[in-house]
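Visitor: The primary structure of each chain is shown beneath.
2 protein chains.
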Amino acid sequence: MNIRFYNGLVCAMLDKTEIIEGQEVWIQDNKISYIGHYNPSEFTFDREIDLKGNLIMPGFKNAHAHSGMTFLRSYADDLPLIDWLNHKVFPIEAKLKEEHVYYFNLLGILEYLTSGITSVMDMYFFQDEMVQASLDVGFRSVLVSGINGDNLDSVKKMEENYLRFNGSHDLISALMGFHAEYTSSKELIKEISKTAARYKASVYTHNSESKREVGECIERTGMTPTQYLNSLGIFDNGGGCFHCVHLSQEDFEIFKQKKIAVVTCPASNCKLSSGIAQVEKMVNFGIRVALGTDGHASNNALDMFREMYLTTALQKVITDNASAMDPIKVLEMITKVGANIMGLTDCDSLAPGKLADLIVIDLHQPNMQPLNDILKNLVYSGSKQNIKLTMINGKILYEDGKFNIGIDPEEIYKEVNKIKLYLVSNL
Amino acid sequence: MNIRFYNGLVCAMLDKTEIIEGQEVWIQDNKISYIGHYNPSEFTFDREIDLKGNLIMPGFKNAHAHSGMTFLRSYADDLPLIDWLNHKVFPIEAKLKEEHVYYFNLLGILEYLTSGITSVMDMYFFQDEMVQASLDVGFRSVLVSGINGDNLDSVKKMEENYLRFNGSHDLISALMGFHAEYTSSKELIKEISKTAARYKASVYTHNSESKREVGECIERTGMTPTQYLNSLGIFDNGGGCFHCVHLSQEDFEIFKQKKIAVVTCPASNCKLSSGIAQVEKMVNFGIRVALGTDGHASNNALDMFREMYLTTALQKVITDNASAMDPIKVLEMITKVGANIMGLTDCDSLAPGKLADLIVIDLHQPNMQPLNDILKNLVYSGSKQNIKLTMINGKILYEDGKFNIGIDPEEIYKEVNKIKLYLVSNL
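Going line by line, the protein sequences match chains A and B.
The first sequence begins at 456 in the numbering used here and counts up by one.
The second sequence begins at 456 in the numbering used here and counts up by one.
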């Protein structure tokens, strides 16, 4: 489809994060073909969309989630991280079958679309089911391996999926990774490092999410999780860590030196009482930071507006400095910085030749008025209600509250509720 | 209008906070006339609404706001409380005229409706303008005086408005109050206490919002703000305090003994880096707590879903206890507890004879699925997107994203933007 967006504001997220008036955005198939003033041409459009003064910008990047966990929303609340994993999450997850996870992923993707999220770095079981759900809907997913335990064969599986998924489809890519230091044997981690080295591949993992995790690692290895992982070569080709709530100054140095990115998940970290990451300090220290929703069991929503607000508001309160964590930087984290960390530089901004992953923000809502500072409004008062349109790879998948994904959302809700009941009754 | 809601779930918020299946809610004029199973009767309805399984519940109560501050949204961000007030808020507020505040209030009310907020305890200049805006739209407002300074005549004005507003209209009531200890002379506060005593009227004020405010009060008076206000008789007839971020153990005792309520405003307190109130401790100590959005300049949204999530998530993280701040209690805070604190016991729950202030929550949205625990979903994953309908005093004012208030929202946006530009250009 060739689509013309006109009569709106454009925030392209290029070098400067600013709003430009009077420009149009043209889409040809799955890419942006033109951005600029109206330019009479022989180009014909299948659809011309009057933005009516609304804002068009790159889609939000969710740099850490477990999309298949939808079924656990409000199932296992009000427990600390380790108890929550061992007593609620792991037992029910042990019963999961591939076809279950397919539907859970579909539900997660629906929720992403309502929140302006156009791509996710997803870590969960049965990666083929996330690939299938993404392709069936038209969603962009970066699959990151979440292997753990001590079976070295799983590293071969990680490598196989890495090779199989990358290049398989426009919408799909893969990164190497594993669940966490505290769920993986030393041998497994070393084997992952060796494999990553062969491909010069960056590696992604959970790291320093809770105090207990850090304490236990120090007790076991004499090192913080960051130091321990670094000692095993995990960071030798770059990569990123999810959460990073409890980092030492030495950890900060390792992140900077090895150019390791942080994916902060403030809602999840609060809800599990894990703590508040020092995001302001990270950014000032030169560490790249992206935002993630984490999974439903710990958040319990996939709402990038919630994460944006928390990212700035929590930094202000923990640093005792109301000017901490510039909201404009937060917007960059969920667009171009997130895209960079996820390996999605083809859709990090709006420019000719870039993949057409974009959203339209409804400014004709009371929470966006008056238009004192639209970009600050997005971070400080925006909500999912402002997502008027979500386009991925040139296709409009969500518009004015309706999904255009070829599957009836009610069918997805029905299946997810049915499977969830089945799983609980078989515990 | 006589309206029948059927085929939905009911959370009446009576003694138990629970969801009942198979009941209907009938509205006659401005009151609830019946709740129960379908009951063939000769009663005729003007409209019958199929809830399609969605949830009907009491509207949210916003127990602290300055609705007229809409014009300051994203105007004065990233500054600490006292600087923010003195250098940004107070100078522009000094230019305000009555007709400006009327439009700013209308914008605030629009935003309340989108968030399921059916009443507000509002403290701002030109109270008649909030009364007029509320009556023009059909919104329910509790006006609380925000006088300050040292002019004792203003106390007479407070008394006059208290008498004039109470009983003037179904939708309007008034409470006594003043801005804060740090903006009011001792004589003024004593005069307010005397006036309140004459009417046995409860008094409401800002209290212990920032560390600096508490420190300066101790320096000036030798007492915390709570002790100081108590010593001047402010709490002798009950009342409530907004924020209460920095309370001492002795303050806690005063709140309990004098049955003073707290209105916590977590989003505002984070954004201004004021701190995080000890809400879990307050509730366990037997202090009644309601939620408030505060004004746009410090929040910057009027979004009760944001406040709910923050209220529980922040308590979990500051107490290092993931089970802290039961989400069900948070739901009670924004319905029946808030109503009680605001003097709105006529619309605190859904029951025959109660005023028809209610909302319909859209459960057919991905963020509410699966239906593991609908009430927890509301707090942990709900968003403004789930507000399908907002009814106040028996009138549907907002439904499926459209306002039904007799005024075009675009006209309100235009006026607010115009006035805002005028004010800034005259600074």
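Please note that the accuracy of each hint is not assured.
It does not matter which identical chain is meant; a pair holds if it fits inside one copy or across any two.
[To be verified] Cut-off 27 angstroms, straight-line C-alpha distance, at most; resulting in silico cross-link-like pairs (DSS-like, lysine-lysine):
| hint | residue 1 | residue 2 |
| --- | --- | --- |
| 1 | LYS850 | LYS713 |
| 2 | LYS550 | LYS714 |
| 3 | LYS507 | LYS857 |
| 4 | LYS649 | LYS543 |
| 5 | LYS736 | LYS713 |
| 6 | LYS873 | LYS655 |
| 7 | LYS736 | LYS666 |
| 8 | LYS507 | LYS869 |
| 9 | LYS543 | LYS784 |
| 10 | LYS857 | LYS655 |
| 11 | LYS611 | LYS784 |
| 12 | LYS552 | LYS714 |
| 13 | LYS507 | LYS873 |
| 14 | LYS649 | LYS869 |
| 15 | LYS784 | LYS612 |
| 16 | LYS507 | LYS552 |
| 17 | LYS552 | LYS471 |
| 18 | LYS714 | LYS784 |
| 19 | LYS873 | LYS611 |
| 20 | LYS507 | LYS612 |
| 21 | LYS645 | LYS471 |
Hint data in this document are derived by calculation from the structure and do not stem from the laboratory.
Only a predicted model underlies this, so the values are computations on that prediction, with no experimental measurement involved.
Visitor: Is it within, between, both, or neither for LYS552 and LYS714, if the alpha carbons may be no more than 27 angstroms apart?
Guide: neither (37 angstroms within a copy, 54 angstroms between copies)
Visitor: At most 27 angstroms between alpha carbons: which applies to LYS611 and LYS784, within, between, both or neither?
Guide: Neither: 38 angstroms inside a chain and 49 angstroms across chains, both beyond 27 angstroms.
Visitor: Quick one: LYS736 to LYS713, C-alpha cut-off 27 angstroms, is that within a copy, between copies, both, or neither?
Guide: within (17 angstroms within a copy, 43 angstroms between copies)
Visitor: For the identical chains here, do LYS543 and LYS784 meet the 27 angstroms Cα criterion within one copy, between copies, both, or neither?
Guide: between (36 angstroms within a copy, 23 angstroms between copies)
Visitor: For LYS873 and LYS655, with the copy left unspecified, which applies at a CA distance of at most 27 angstroms: within, between, both, or neither?
Guide: The answer is neither: 43 angstroms in one copy and 57 angstroms across copies each exceed 27 angstroms.
Visitor: Within, between, both or neither: how does the pair LYS507, LYS873 come out at a Cα-Cα threshold of 27 angstroms?
Guide: between (42 angstroms within a copy, 19 angstroms between copies)
Visitor: I want to check one pair: LYS507 and LYS857. Are their C-alpha atoms no more than 27 angstroms apart within a copy, between two copies, both, or neither?
Guide: both (19 angstroms within a copy, 17 angstroms between copies)
Visitor: With identical chains, the pair LYS552 and LYS471 could be close in the same copy or across copies; at 27 angstroms between alpha carbons, which is it: within, between, both, or neither?
Guide: Classified as neither: same-chain Cα gap 46 angstroms, cross-chain 38 angstroms, threshold 27 angstroms.
Visitor: With identical chains, the pair LYS649 and LYS869 could be close in the same copy or across copies; at 27 angstroms between alpha carbons, which is it: within, between, both, or neither?
Guide: So LYS649 and LYS869 fail the 27 angstroms test inside a copy (44 angstroms) and across (62 angstroms) alike.
Visitor: One pair to classify: LYS736 and LYS666, alpha carbons no more than 27 angstroms apart. Within, between, both, or neither?
Guide: both (19 angstroms within a copy, 23 angstroms between copies)
Visitor: 27 angstroms Cα cut-off: does LYS784 pair with LYS612 within a copy, between copies, both or neither?
Guide: neither (37 angstroms within a copy, 46 angstroms between copies)
Visitor: For LYS645 vs LYS471, is the C-alpha pair at or below 27 angstroms within one copy, between two copies, both, or neither?
Guide: Answer is neither: 41 angstroms inside a copy and 55 angstroms across each miss the 27 angstroms cutoff.
Going down the numbered hints, you'll see the structure goes against 1, 2, 4, 6, 10, 11, 12, 14, 15, 16, 17, 19, 20, 21, while the others check out.
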